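**Student:** If you read the protein sequences in the order shown, they are chains A and B.
One point on numbering: in the working numbering, the residue at position 95 of the first sequence is 941, and numbering is uninterrupted.
One point on numbering: in the working numbering, the residue at position 141 of the second sequence is 144, and numbering is uninterrupted.
Derived by calculation from the structure, the hints in this document are not laboratory data.
These numbers come from a predicted model, not from an experiment.
By construction, the Cβ of each residue, glycine as well, lies at the ideal position given by its N, Cα and C atoms.
A portion of the hints provided could be inaccurate.
Said to hold, decoys possible - Computed list of chain B residues with no C-beta within reach of chain A, every gap over 12 Å:
no.	residue
1	R46
2	Q50
3	P112
4	D114
5	F196
6	D203
7	G216
8	S246
9	E259
10	G266
11	N296
12	G320
13	G334
14	D337
15	Q341
Unchecked claim - Pairs of lysine to aspartate or glutamate residues, derived as EDC-like cross-links and limited to a Cα-Cα distance of at most 16 Å, are as follows:
no.	chain 1	residue 1	chain 2	residue 2
16	B	K328	A	E1098
17	A	K1084	B	D337
18	A	K1023	A	D956
19	B	K272	B	E259
20	B	K179	B	E154
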Amino acid sequence: MRKSRIEKTLARWAGRRRRPRVIPGFGLTMGITMSYLGLIVLLPLSVLFFKSLGISAQEFLRMVASERTLAAFKLSFGTSIIAASVNTLCGLVVAWVLVRYDFFGKAFLDAVVDLPFALPTAVAGISLATIYSRTGWIGKSLSGVGIQGAYSRLGIVIALIFIGFPFVVRTLQPVLKDLDPQMEEAAACLGATRAQTFFKVLLPVLLPAALTGFALALARGLGEYGSVVFISGNMPMKTEIVPLLIMTKLEEYNYEGAIVIAAVMLIFSFILMLAINLLQAWSRRKMEVR
Amino acid sequence: MRKPMTGCGKALLFSACLVLLVSGFPSAAVSLEILNVSYDPTRELYQDVNAAFIRKWNEETGQDLVIRQSHGGSGTQARSVISGLEADVVTLALGFDIDAIASRTGFLPRDWQTRLPNNSCPYTSTIVFLVRKGNPKGIRDWKDLAVPGVEVITPNPKTSGGARWNYLAAWGYSMKARPGDEDAARKFVSAIFHNVPVLDTGARGSTNTFLRGIGDVLLAWENEALLAVNRLGRKEVEIVVPSLSILAEPPVALVEGVTRKRGTTEVAKAYLEFLYTEEGQEMCARHFYRPRNSAVAGRFAGQFPKVEMFTLSEMFGSWEEAHQKHFSDGGTFDRIYQ
C-alpha cells in the first residue's frame, strides 16, 4: 500500500515518457545535440562574451563608435545585403531552370553550382580580382564605361555574390521539386494571369525557402574574409570590411579591440538572423492559413 | 526509473568520451624534433638550411633530427606562439613580433635580441622598388613616389610586417632630407599612401597585384624583388634602388620556455648558431638575403646593389616606440586616412 503512490506516479511518468515512437533514442540524440552545439558553437562564442565583459562601457563605445569602425560596419552589412538580394533573385531563376527543365548537361550544371563552396576563398578572391581588375577581361570593358570592378565596393559585392550563390539555389531546389506543376495549371485553368499565378500560387510557397537562402548567403557574406581582401583594395573608410578591421586589431595585439568589434558584429548578425527567421515563420503561417 | 536521467547522463558520458578522444591521441614519440615558426618568404631558405643542419647534427651527434617549419604572416605566426603553438625557435620579420611573444608569454627574456650576434639577425634585407620594364614613369627615388599620378603598391602596414619596413623607410628618407621636420615627414608619407590604390594584407598579395598590371611601382623586400627578377624570370619588371633605404633586420630567437620543457634547448641553439656559420651565411645569400659575414658578403657583392641604409634604432629608437607612434590606433598611419 505504501509503495503504491510512488509506483503510480512512476507509472504515470513512465507512461508519459514512453509514448511509443517509431525510432527510439530521444535521450541519446538530445545528449549529442547538446554536447555538439555546446562544444562547437556556444563554447567559442561564450569566450568572446566573457572576454568583452572585462572592458568598460566607455571603452567599448569609444572603440565601436569610431568613424572608421562605423564605416566598416556600414560597408559589411550593405554589401552583404546587396549580394544576398542579388543571389536570391538569380538563385530562384537558376533553381527553377534546374528543376523544371530537362536539357543536355543539366547534371554538370547542377554540380557547378556547388563549386563556390569547394573552392578555397583565397583562390576565388585572386581569380575574381584578376578578371575584374582594369587589366582583366571583364574589368577592361567595365573601365571602358567608367566603372571600376575590382578594388572598389562593387568588387566586394561581386566576391560576396560568388561565395554566397549556392545557398539560395540549394535551399530552393527541394521546395521546387515538391511543387506540383499541376497547381500552376489549375491556377491557369481557373483564369489566373501569369503574374497572378507567380505571385499568388508560386511565391507564397517559395518565400520561406528563399528567405532561408537569403539568410544563409547574408551570414556567409558578413563573415567572409579570404576572398574579399584580395578584391576589395582594403582602403580604410572606403573598402575596409569588418573582418579585416578585426584582423588589423589582432595584428596590433589589440585583443580587446578585436573582441569588441567581433561582439558587436555578432549581436547585429544575430538580430538580423532572428528577424529573418521570424519573417520566414510568418510567411509560412500565412501560407498555411491559405 | 532510470529513464528520466538518461538524456543528461548520456550527454555527460558523450562529452567525457569526446574529451578523452581529443586528449588521448598519443603524441608521436619520434626522434629529436624541433619546430621553426617563421614568416612567409623564408620558406625556401629554411628548407635548404634545415636539410644542411640535419646532416651536420647527425654527423656530430648521431641523432636523427626532424625540423618542422611553419610559415605565415609574421604577426599571425607570433600570435599562434602566444596562444600555445610550441615553437622551439622563431624567425620572424620584425623584432616587434618577438617582443610581443616575450612580453605576453615570458618564454623569452626581455633582452632576447642581445643573445645572438648582430642584433640576433643573421641576415638582413632592405626595401627596394620594382617598376615596369623600361621604368616608364622615371621612378628613381622615394620623392618620385609622392608625385600625383604615380600609382604605388604596398601592403597595409597594419597587417604586414614588410609594409612596416616600407613605411619606416619612406619616413626615414624624409627625416634625412629635412632633419627634425616631422610634419614634413608625415605629409610626405601621406602623399605616398594617397597614391596607393590597393592595400593588400600581405607582401605576396601586393606582389600578385603588381604582376597583374596594377600600379607603377611596388615597394618590396629586396630578397623578394631579386627572386622575382632572377629566379622567376620576370622580364616585364626591373629593380630600382633608391638613394637611401632602411636596413631591414628579420630577427631569430630561441623560445627558451618551450625548449626547456621539451628538452631541445641544445639543438635549437645550435640550429640558430648554424645560420651564422659560413655555410649558413652562404645559403642566406643564395636566397637573396644579405649575409652578415664579410667574407661571404664579399663573394656575393655583385648580387646586391649598393645602397645607403639607416637602421631602425638610429632613426626610431625601439620597435615599441616606432609602433606606438606610427602603427598603433590613431598613430601617424591611421591619420593619413582621416
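**Student:** With reference to the structure, classify each hint as holding or not holding.
**Tutor:** Hint check results:
Its beta-carbon lying about 17 Å from the closest one in chain A, B:R46 satisfies the requirement of being farther than 12 Å from that chain. Distance check on B:Q50: its Cβ is at least 22 Å (rounded) from any Cβ of chain A, clearing the 12 Å threshold; non-interface status holds. Once the 12 Å rule is applied to beta carbons, B:P112 is consistent with being away from chain A; the minimum gap is 19 Å. Every CB of chain A is more than 12 Å from the CB of B:D114 (nearest about 20 Å), matching its label as outside the interface.
Separation of B:F196 from chain A is inadequate, the least Cβ-Cβ distance of about 10 Å not exceeding the 12 Å criterion. Once the 12 Å rule is applied to beta carbons, B:D203 is inconsistent with being away from chain A; the minimum gap is 7 Å. The claim that B:G216 is not at the interface with chain A is violated, since a C-beta of that chain comes within 12 Å of its own (minimum 4 Å). Against chain A, the non-interface label of B:S246 holds: every CB pair exceeds 12 Å, the least being about 29 Å.
Its beta-carbon lying about 21 Å from the closest one in chain A, B:E259 satisfies the requirement of being farther than 12 Å from that chain. At the 12 Å boundary, the C-beta of B:G266 stays outside the reach of chain A, the nearest C-beta of that chain being 30 Å off. Against chain A, the non-interface label of B:N296 holds: every CB pair exceeds 12 Å, the least being about 33 Å. Residue placement check: B:G320 keeps its beta carbon more than 12 Å from all beta carbons of chain A (closest about 18 Å).
The Cβ of B:G334 sits about 9 Å from the closest Cβ of chain A, inside the 12 Å cut-off, so the non-interface label is violated. For B:D337, the non-interface assignment is contradicted: its Cβ lies about 8 Å from the closest Cβ of chain A, within the 12 Å cut-off. Distance check on B:Q341: its Cβ comes as close as 8 Å (rounded) to a Cβ of chain A, failing to clear the 12 Å threshold; non-interface status is violated. Straight-line distance between C-alpha atoms of B:K328 and A:E1098 comes to about 13 Å, which keeps the hinted pair within the 16 Å bound.
Restraint check for A:K1084 and B:D337: the C-alpha separation of about 14 Å stays at or below 16 Å, so the hint holds. For the suggested pair A:K1023 and A:D956, the alpha carbons sit about 14 Å apart, so the restraint of at most 16 Å is met. For the suggested pair B:K272 and B:E259, the alpha carbons sit about 10 Å apart, so the restraint of at most 16 Å is met. At most 16 Å may separate the alpha-carbon atoms for a hinted pair to count; B:K179 and B:E154 exceed this at roughly 24 Å.
The structure shown violates the earlier hints numbered 5, 6, 7, 13, 14, 15 and 20.
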